[in-house]
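Got chain A; can you put chain B on it based on the hints?
Chains A and B, in that order, are what the protein sequence lines are. Under the working numbering, the first sequence has 151 at position 151, and the numbering climbs by one with no breaks. Quick note: to get the working numbering, add 1000 to the position in the second sequence (first position is 1).
Hint data in this document are derived by calculation from the structure and do not stem from the laboratory. Keep in mind that a hint or two might mislead.
[Said to hold, decoys possible] Residues on chain B that point at chain A, a partial pick, calculated with CB under 8 Å:
1) 1015
2) 1041
3) 1043
4) 1044
5) 1047
6) 1049
7) 1062
8) 1063
9) 1086
10) 1087
[Claimed, not checked] Pairs of lysine-lysine, DSS-like flavour, derived with a Cα cap of 25 Å:
11) A:109 - A:131
12) A:13 - A:131
13) A:109 - B:1125
14) B:1019 - A:53
Even for Gly, the Cβ is constructed at its ideal location relative to N, Cα and C.
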Amino acid sequence: MSRRKPEPVQIVKQRRDAALAALVGGVPYIQFMGIGVQRRGDELTATMTFDEKLIGNPLLPALHGGATAAFLEVTAMIEISWAMLWSDIESGAIDVETLVAGDLPRLPKTIDFTVDYLRSGLPRDAYARAKVTRSGRRYASVQVEAWQDNRDRLFAQATCHFLMPTQPTGAQ
Amino acid sequence: MVDKATIARQFIEAIPHSKALGMVLTEIGDGMAEILMAYNPALVGDPQTGVIHGGAVSALMDTCGGAAVMSHPDAPAGTATIDLRIDYMRGATPGQSIRARAECYHITRSVAFVRATAYDDDADKPVATASGAFTVERAK
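The following block holds chain A by itself, in its conformation from the complex (with noise of 0.2 Å):
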């Protein structure tokens, strides 16, 4: 009953940061937006760079609403997205070749999703979470929050609901 050698932590890494740069990288929509995710081991953080081309009130100015939205769509996204994959990512069963190709396995769809905007959104990076708070075999619900300079004054939320992939039959 030997234990398996751990792997070198840069192969671990590389597997991880190839697994995330395929899921954000190979979006259009997420480049356009400004939306990066920075990694500490399984744990994401999600940033929205400013640019003016996110204002949706020039007069405050203010974040346009929809790219609150859109932000916490993309980070509930790729939370759920990353939580589906991580064992296949961990045990090496997904090729990095093949998802840095931009070859990704079928990813959950949004049903719904509803957003509190609790503050106005500043001209300056934003940032986000997510937390899968229940993943089952066909749906999942999601929760995000959104903060800019104050980790504690939250400027929006949301609750996401997602449909799961059919699992091929025999998949465990």
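Quick look at chain B alone, frame taken from chain A:
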């Protein structure tokens, strides 16, 4: 005299984010608004199919809802979204414009209630529906 619809139109079309997404106001007045968002490869959420990202549809719904509120006869000087729920029925057909129609069906002194629907070329099968509450900002 410049009517309210003209003011609302100018206001909506001056919004940087709406401009960036290519939104064009096609109809406005009496608490109703319709906005068209042309197909744009930069807004794609699934590169394998070319389907527009749900986030762009949300932004369209939010803008259209706000426009409907501002065009209401008891309209406020300005408005902001309190909450918005969007249900996604299906992916919009790649290559087709998305058209959102929003109705401000009730307004109080402080809150405006809105329903919205988004379509592509198939007017019988909505792409998404939304409902939301908006603030009513009185002129100072």
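Restraint status (C-alpha distance of residue 109 (chain A) to residue 131 (chain A) at most 25 Å): Cα-Cα ~16 Å, so holds.
Status of the hint placing residue 1086 (chain B) at chain A (closest C-beta pair under 8 Å): Holds. Min distance 5 Å.
Interface hint compliance - residue 1049 (chain B) to chain A, C-beta minimum distance less than 8 Å: Interface hint status for residue 1049 (chain B): violated (11 Å vs cutoff 8 Å).
Interface hint outcome for residue 1043 (chain B) [beta carbon to chain A under 8 Å]: Nearest chain A Cβ about 5 Å off; hint holds.
Using the nearest Cβ pair, does residue 1063 (chain B) come within less than 8 Å of chain A? The hint holds - residue 1063 (chain B) has a Cβ within 8 Å of chain A, the shortest such distance being about 6 Å.
Tell me if residue 1062 (chain B) is really an interface residue toward chain A, meaning its C-beta lies closer than 8 Å to one of theirs. Constraint on residue 1062 (chain B) satisfied, holds at 4 Å.
Hint check: is the beta carbon of residue 1015 (chain B) less than 8 Å from a beta carbon of chain A? holds (6 Å)
Grab the minimum C-beta distance from residue 1044 (chain B) to chain A and call the hint holds if it beats 8 Å, violated otherwise. At about 5 Å, which falls below the 8 Å cut-off, the nearest Cβ of chain A leaves the hint on residue 1044 (chain B) intact, so it holds.
Within a Cα-Cα threshold of 25 Å, do residue 13 (chain A) and residue 131 (chain A) meet the stated pairing? holds (22 Å)
Given the hinted pair residue 1019 (chain B) and residue 53 (chain A), is their Cα-Cα distance within 25 Å? holds (8 Å)
Interface restraint verdict for residue 1047 (chain B) against chain A (beta-carbon cut-off 8 Å): Where the cut-off is 8 Å and the nearest Cβ of chain A is about 6 Å from residue 1047 (chain B), the hint holds.
Pair hint residue 109 (chain A) and residue 1125 (chain B), alpha-carbon separation not exceeding 25 Å: Measuring from Cα to Cα gives roughly 18 Å; hence the hint holds.
Figure legend: structure checked against the earlier numbered hints; the only hint not met is number 6.
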